[in-house]
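Number of protein chains: 2
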Amino acid sequence: VMADFRTVAEQFTTFYYNTFDADRKGLAALYRDGSMLTFETAAIRGVSDIIKQLTTLPFEKVVHKVNTLDAQPSNEQGGILVMVTGALLVDEEQRPMNYTQAFQLLPDGQSYYVYNDVFRLIYG
Amino acid sequence: VMADFRTVAEQFTTFYYNTFDADRKGLAALYRDGSMLTFETAAIRGVSDIIKQLTTLPFEKVVHKVNTLDAQPSNEQGGILVMVTGALLVDEEQRPMNYTQAFQLLPDGQSYYVYNDVFRLIYG
Numbered sequence: 001v002m003a004d005f006r007t008v009a010e011q012f013t014t015f016y017y018n019t020f021d022a023d024r025k026g027l028a029a030l031y032r033d034g035s036m037l038t039f040e041t042a043a044i045r046g047v048s049d050i051i052k053q054l055t056t057l058p059f060e061k062v063v064h065k066v067n068t069l070d071a072q073p074s075n076e077q078g079g080i081l082v083m084v085t086g087a088l089l090v091d092e093e094q095r096p097m098n099y100t101q102a103f104q105l106l107p108d109g110q111s112y113y114v115y116n117d118v119f120r121l122i123y124g
Numbered sequence: 001v002m003a004d005f006r007t008v009a010e011q012f013t014t015f016y017y018n019t020f021d022a023d024r025k026g027l028a029a030l031y032r033d034g035s036m037l038t039f040e041t042a043a044i045r046g047v048s049d050i051i052k053q054l055t056t057l058p059f060e061k062v063v064h065k066v067n068t069l070d071a072q073p074s075n076e077q078g079g080i081l082v083m084v085t086g087a088l089l090v091d092e093e094q095r096p097m098n099y100t101q102a103f104q105l106l107p108d109g110q111s112y113y114v115y116n117d118v119f120r121l122i123y124g
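Read top to bottom, the protein sequences are chains A and B.
The numbering of the first sequence is the numbering used here, which starts it at 1 and goes up by one.
The numbering of the second sequence is the numbering used here, which starts it at 1 and goes up by one.
Bear in mind the hints are in silico, worked out from the structure with no lab data behind them.
Bear in mind the structure is a predicted one, so any value in this text is a computation, not a measurement.
Keep in mind that the hints are not guaranteed to be accurate.
What the hints assert, rightly or not - Listing some non-contacts, in silico: residues in chain B with all C-beta distances to chain A over 12 angstroms: (1) Gln11; (2) Tyr17; (3) Phe20; (4) Asp23; (5) Lys25; (6) Leu27; (7) Val63; (8) Glu92; (9) Gln94; (10) Pro96; (11) Tyr99; (12) Leu121.
What the hints assert, rightly or not - Sample of chain A residues at the chain B side, in silico, Cβ under 8 angstroms: (13) Met36; (14) Thr38; (15) Ala42; (16) Asp70; (17) Gln72; (18) Asn75; (19) Met83; (20) Thr85; (21) Gln94; (22) Asn98; (23) Thr100; (24) Gln104; (25) Asn116; (26) Arg120; (27) Ile122.
Said to hold, decoys possible - Partial selection, computed: residues in chain A whose CB lies under 10 angstroms from chain B: (28) Pro73; (29) Pro96; (30) Phe119.
Ideal placement from N, C-alpha and C gives every residue a C-beta, glycine not left out.
Please model the entire structure based on the sequences and the hints provided.
Following this line, the structure appears as structure tokens:
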């Protein structure tokens, strides 16, 4: 039995940002070869290039704080659209930056992986 | 032949916000009975309740300005994930509000409709 899509979205989001903030390499478990990441203006496909992108971002420390988390079923096979808005603080910066991130999660056996991932900072 | 997903995303986004700003009732053409809208904390399903929500928002005039528009294929049947960040100005307000909106567009014959729609204002 699949968990409710909202519960999956919440568990995914907690795990995703905890892992991002603790050790970005650990995110490799969440992507597959067909996964897509748009990170600001960079468009990347496949787990290995996605992890390379995420682990070479120009900061050492980052803390994400989620402000809103919304989820909807994205298809009839258990896919889930997740949209997050939040703030992040990098290294010794005192001013958080606002961001938004949309994911599509697809089921894979008993678990889920990230098929779509779009990240943007919000300015102004 | 289907147009490139980026072209579809751009044409959709232009049409969506032009219609929203000119006459929200016209958005009915973009939704179906299975369509989902999360508008801030309201979760709504089906074209008729979606249009009721959008046409009863507490402002008369609104102007959207898109800042970023990203798109990815969302499945192998021509679906498209679109994520927009932008600003909007309502009625006589002088200060724009930032927002983010994620759509999943699904093909329907020669055209597309909105299956998923998640809208959030960004504060702070």
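- Grab the minimum beta-carbon distance between B:Gln94 and chain A and tell me whether it stays above 12 angstroms. holds, 14 angstroms
- Query: Against chain B, with CB atoms and a cut of 8 angstroms, does the hint on A:Thr100 hold up?
  - Reply: Given a least distance of 4 angstroms, the restraint on A:Thr100 holds.
- Message: A closest beta-carbon separation below 8 angstroms is what the hint needs, so does A:Ala42 meet it against chain B?
- Response: It is violated, given that the least Cβ distance between A:Ala42 and chain B is near 11 angstroms, above 8 angstroms.
- Query: Since B:Phe20 was said not to touch the interface, does its Cβ keep a gap of more than 12 angstroms from each Cβ of chain A?
  - Reply: holds, 18 angstroms
- Task: Report holds or violated for the interface hint on A:Asn75, using the least CB-CB distance to chain B and a cut-off of 8 angstroms.
- Result: The hint holds - A:Asn75 has a Cβ within 8 angstroms of chain B, the shortest such distance being about 7 angstroms.
- Message: At 12 angstroms, judged by beta carbons, does B:Pro96 keep clear of chain A as stated?
- Response: Not fine: 8 angstroms to the nearest Cβ puts B:Pro96 too close to chain A.
- Taking 8 angstroms as the limit, does the beta-carbon of A:Asn98 come near enough to a beta-carbon in chain B? For A:Asn98, the interface hint holds, since the closest Cβ of chain B sits about 6 angstroms away, which is under 8 angstroms.
- Message: Please check whether the beta-carbon of B:Glu92 is more than 12 angstroms away from every beta-carbon in chain A.
- Response: The claim holds: B:Glu92 sits with its nearest Cβ about 20 angstroms from chain A, beyond 12 angstroms.
- Message: Quick check on the hint: A:Pro96 CB to chain B CB, less than 10 angstroms?
- Response: holds, 8 angstroms
- Message: Does A:Thr38 hold up as a contact with chain B if the rule is Cβ-Cβ below 8 angstroms?
- Response: holds, 5 angstroms
- Query: Quick one, is the A:Met36 hint okay against chain B at 8 angstroms, beta carbons?
  - Reply: Constraint on A:Met36 satisfied, holds at 5 angstroms.
- Test the statement that B:Tyr17 is away from the interface with chain A: the closest C-beta pair must be farther apart than 12 angstroms. holds, 17 angstroms
Checked against the numbered hints listed earlier, the structure breaks hints 10, 11, 12, 15, 21; every other hint is satisfied.
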